[in-house]
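Colleague: Listed below are the residues making up each chain.
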Amino acid sequence: MLRKLRSVTPFQVMLVTIFTALAAFMSLPIIFILNHAFKPQNELFLFPPRFLVQNPTMRNFESLILHASNATVPFTRYLFNSLIVAGLTLGTVIIVSTMAGYVLAKYQFHFKQLILALITLSLMFAPETVGIPRYLIISGLGINNTYFGHILPALASPIAVFMLVGFISQIPGELLEAAKIDGASHLGIFAKIVLPLSTPAIATISIFTFQGVWGDVETSTLFMQEETMRTLAFYVNSLLSGLQNSVAGQNMAAAAGLLMFVPNLIIFLLFQRRVLETMVHSGIK
Amino acid sequence: MGSITFSHVYKHYKGESRPAVNDFHLSIEEGEFLVLVGPSGCGKSTTLRMLAGLEEITEGDLYIDEKFVNYVSPKDRDIAMVFQNYALYPNLSVYENIALGLKLRKTAKHEIELRVNRVAKILEISHLLERKPSQLSGGQKQRVALGRAIAREPQVFLMDEPLSNLDAKLRAQTRAEIIKLQSDLKRTMVYVTHDQVEAMTMGTRIVVMKDGIIQQVAPPRQLYDEPANLFVAGFIGSPQMNFLAGSLVRENGSYYFLNKRLKLLVPERYHRHFTAKPGSLRNCVMGVRPEHVLLEREKAELLEDEFSRCFVEMTEVTGADSYVYVKVGDKTVIGRTEPETVFEKEEKLVIGFNMNKVHFFDEETGVSLAAGGNEA
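Chains as they are written, first to last, in the numbering used here: chain W, 1 to 285; chain X, 1001 to 1376.
Since the hints were made in silico from the structure, they are not lab data.
Incorrect hints may have been included.
What the hints assert, rightly or not - Listed next, the in silico DMTMM-like pairs over lysine to aspartate or glutamate satisfying Cα-Cα at most 25 angstroms (straight line):
id, chain 1, residue 1, chain 2, residue 2
1, X, K1103, X, E1130
2, W, K106, X, E1055
3, X, K1327, X, E1340
4, X, K1121, X, D1065
5, X, K1186, X, D1065
6, X, K1210, X, E1340
7, W, K106, X, E1016
8, X, K1075, X, E1032
9, X, K1357, X, E1316
10, W, K112, X, E1056
11, X, K1210, X, D1076
12, X, K1186, X, E1030
13, X, K1103, W, E177
14, X, K1075, W, E174
15, W, K112, X, E1055
16, W, K106, X, D1076
17, W, K106, X, E1161
18, W, K106, X, E1340
19, X, K1132, W, E174
20, X, K1075, W, E128
21, W, K106, W, E177
22, X, K1106, W, E62
23, X, K1331, X, D1321
24, X, K1186, X, D1211
25, X, K1067, W, E177
26, W, K106, X, E1096
27, X, K1014, W, E174
28, X, K1180, X, E1032
Keep in mind it's a predicted model, so treat the numbers as computed, not measured.
Isolated chain W, as found in the complex:
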């Protein structure tokens, strides 16, 4: 142990110090949002504002639930919609992206380079620019007010395919050939070899896909006319925008903010170890 300590260079000490400070700084918003949700009304408007809550209270959540129960659609309906949409989107994005990534990384076919270029190109579009075409597609297909209308826009995820192509091309070709000789079918190779070996990359795309879908209000605003088909993010968003200039609703906003944040945190904690593996693996063959 001592010998290990002695081998630490001043540069390493500096690095650790800087990164610890940076990490602490980055965690400030998380600490703030956790504390904010439990602050009583008077602390919410304290000036100068405080990070830590002094007299924690559950009142904020109570008033949120009270407010929600007065709405036309129950709060749980929004939550249910969000869970269904996030779950289904996550599942389908993983299936579609890994399959597409595998084929693009390991098979040779006509126009492969063109398809890859198109995927890269589509990364450059801001989501706002595709809002109208998306609306036309959704309404053309007649899938307004369905869960499919929520899922379809997120289904083709160029960033996920792009990442998976990069990751899967690092899997040695001999592995797949060995499986081929062992008697595995195309689907068998995909399910038995490619999928298990891609879990780090899948974990990564799961995190950002979930975050994207969970926080997304666009589909609910544009494609869902029925209130019962809208998601929690939409509800919280409209709650917040309705409260922008009001003093009374700030406590509900703080509680809702935390509610929106917690699932993201859970998903991240679940997958983070795998994500780190992605980063380690991408460096070494």
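Chain W is fixed; fit chain X onto it per the hints.
Modeller: Then chain X, alone, in the frame of chain W:
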């Protein structure tokens, strides 16, 4: 079971002017240990991959057990392959790695268990069955890769440079094990390597390739003693065969090899060829292996003609032998001597050749004159 026939097989890659494999025509008998050897890029791996079904055959026919298999998928060819980088499935344990091929072939569970355990015992990896490939050393990984191939009990084993990632000691040991395994299993084995020592020690027959073309197919001894051309002569044997340029002349019914420094009597076995093809009396290259170079301090009572003066450039001691690099004119010749014989640098010596063991090659085509003579 397990015979293979290549009938004029070609492999063209898009955008390349010459074929990667050019008119590969060969029959491999059942139970044979065939080694494909050649420098990198000679098409040996491509040939093996075509046999495995991993590469398409551009032209020509391939038969396994007299069955036309050009369009048969790898899994239906009854082959197993061992790769250079082992290609073990990192997400599966050693047991599962060996068992996967059997599982995919719907072998009964107890049969799988039986076979995996038997193979593990043969290869002495029984204690590793629960581990993941990342927890194994290079040698152990190679055994697992071999085990995976053996457990399947295929008709044909294909090996693509399986030893080149191992260190020298382990390589020699595994080499011996593969030889023993092949003789026990009595299955056809096609083995690709760029290492001529591996080729010579393992193969019952060796195919030397260059630029996609078969240079010679022969058992190891014959390949060493009767190389078909300059390339094979230079590729097989370490240190390399010495090559001396010169010409062949006829004087008083005898033939001589002549260059600026040397005039050597050509042994009689070549005469037949010269009389059959008088046109071949022209410029040629004489090849002589280091062990057939004779180096003497004093002029012995040997023929004046066959000897010439040279001086020592450097000496390499390998332990069992010494190799002396001597300068004959502007050409360096390597000779093997007893390790006890010590020559000083710059020392003047007399060089001679064991003329019964030298080879003559046509200077233009590189083809052995002896080979041509035998055909004639």
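Colleague: Please verify whether K1103/X and E177/W have alpha carbons no more than 25 angstroms apart.
Modeller: Given pair K1103/X, E177/W holds - Cα atoms ~17 angstroms apart, limit 25 angstroms.
Colleague: For the pair supplied as a hint, K1210/X and E1340/X, confirm whether the alpha-carbon distance does not exceed 25 angstroms.
Modeller: 38 angstroms, violated
Colleague: Between the alpha carbons of K106/W and D1076/X, is the straight-line distance 25 angstroms or under?
Modeller: 22 angstroms, holds
Colleague: Compare the distance between the alpha carbons of K1075/X and E128/W with 25 angstroms, and conclude whether the hinted pair is satisfied.
Modeller: 49 angstroms, violated
Colleague: Just to be careful, I want the Cα atoms of K112/W and E1055/X compared with a cutoff of 25 angstroms; is the pair within it?
Modeller: The hint holds at about 19 angstroms.
Colleague: Keeping to a limit of 25 angstroms between CA atoms, is the pair of K1186/X and D1211/X held or broken?
Modeller: 31 angstroms, violated
Colleague: Would you check the hint for K1106/X and E62/W, treating anything up to 25 angstroms between C-alpha atoms as holding?
Modeller: 60 angstroms, violated
Colleague: Between K106/W and E1096/X, is the straight-line Cα distance small enough, at 25 angstroms or below?
Modeller: Satisfied, since the Cα-Cα distance of roughly 24 angstroms is no more than 25 angstroms.
Colleague: Regarding the pair K112/W and E1056/X, is the alpha-carbon distance no greater than 25 angstroms?
Modeller: 20 angstroms, holds
Colleague: Please verify whether K1357/X and E1316/X have alpha carbons no more than 25 angstroms apart.
Modeller: 23 angstroms, holds
Colleague: Take a quick look at whether K106/W and E1161/X sit within 25 angstroms of each other, Cα to Cα.
Modeller: 23 angstroms, holds
Colleague: For the pair supplied as a hint, K106/W and E177/W, confirm whether the alpha-carbon distance does not exceed 25 angstroms.
Modeller: 11 angstroms, holds
Against the hints set out earlier in the document, violations occur for numbers 4, 6, 11, 18, 20, 22 and 24.
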